[in-house]
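Each residue of the sequence shown is one higher than the last, beginning at 1 in UniProt numbering.
Take these hints with a grain of salt, some might be off.
Stated by the list, open to error - Using C-beta positions, here's what the derived DEER-type ranges look like:
hint, residue 1, residue 2, range
1, V106, R134, 16 to 26 Å
2, R99, K34, 34 to 44 Å
3, D48, G84, 14 to 24 Å
4, I17, E126, 16 to 26 Å
5, K34, E126, 31 to 41 Å
Because the hints were derived from the structure by calculation, they are not lab data. Backbone N, C-alpha and C define an ideal beta-carbon position, used for all residues, glycine too.
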Amino acid sequence: MVIKESLSLHPVAPLLIPHESTEDITVNGYFIPKKSRIMVNAWSMGRDRKVWSDNTEEFFPERFEDSSIDLRGHDFQFIPFGAGRRGCPAMQLGLTTMRLIIAQLVHCFDWELPDAMLPNEIDMTEKFGLTVPRAKHLHKCAICEIEFPPLYNPFLLASHQKMSKAPAKKRETGLGREASYYFIRDGRQGENASKERKGFND
Numbered sequence: 001m002v003i004k005e006s007l008s009l010h011p012v013a014p015l016l017i018p019h020e021s022t023e024d025i026t027v028n029g030y031f032i033p034k035k036s037r038i039m040v041n042a043w044s045m046g047r048d049r050k051v052w053s054d055n056t057e058e059f060f061p062e063r064f065e066d067s068s069i070d071l072r073g074h075d076f077q078f079i080p081f082g083a084g085r086r087g088c089p090a091m092q093l094g095l096t097t098m099r100l101i102i103a104q105l106v107h108c109f110d111w112e113l114p115d116a117m118l119p120n121e122i123d124m125t126e127k128f129g130l131t132v133p134r135a136k137h138l139h140k141c142a143i144c145e146i147e148f149p150p151l152y153n154p155f156l157l158a159s160h161q162k163m164s165k166a167p168a169k170k171r172e173t174g175l176g177r178e179a180s181y182y183f184i185r186d187g188r189q190g191e192n193a194s195k196e197r198k199g200f201n202d
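Can you build the whole structure from these sequences, using the hints too?
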């Protein structure tokens, strides 16, 4: 549900690969002549209140809880990877990668917002272009709750060693021990980033 909602609100590309009609056709009352260039607006489809609800601008994964709408191109209400023969060939790789990354981040860390920020205070403004990245980097605090994360994934070893060498705050957890408290974000350190919070460098 989380992956579906993320791709619905923030698709990788706002417009899918252009298509061209091979013959005259009428779709839902719209006449499309032959040789027309067709652009699918995936960004707008994810915010269509006729399909989803009135809270299309909110992150609400539960909207997919009892929904049969799939993201693999079978339902035209939601096609972040396109559909048919022109669909994204790396769709399965992308979905598998997202699942693994989310699972590791949730398993290894507890996540908090810095400076007592509330979730509704996060600025989700986007920059439009070929892709739609965030206009402002998201700051978050990663609290490592497992002692040796590289044990089950050797690819994390370098990152773990790098974080271990950096200064980290300590805080008491409910488990009777201290946990490393790192401040990281989804991009390079900005000019206003607090040096004492910097626990992980790109």
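Do the hints match the structure? See the list:
Distance hint check: the CB atoms of V106 and R134 are about 20 Å apart, consistent with the given range 16 to 26 Å. Checked against the hint of 34 to 44 Å, the C-beta distance between R99 and K34 comes to roughly 41 Å, which is consistent with it. A hinted range of 14 to 24 Å for the beta carbons of D48 and G84 is consistent with their spacing of about 21 Å. In this structure, I17 and E126 meet the distance hint of 16 to 26 Å, their C-beta atoms being roughly 20 Å apart.
A C-beta distance of roughly 35 Å is found between K34 and E126, which places it inside the suggested range of 31 to 41 Å.
Of the numbered hints given earlier, the model fails none.
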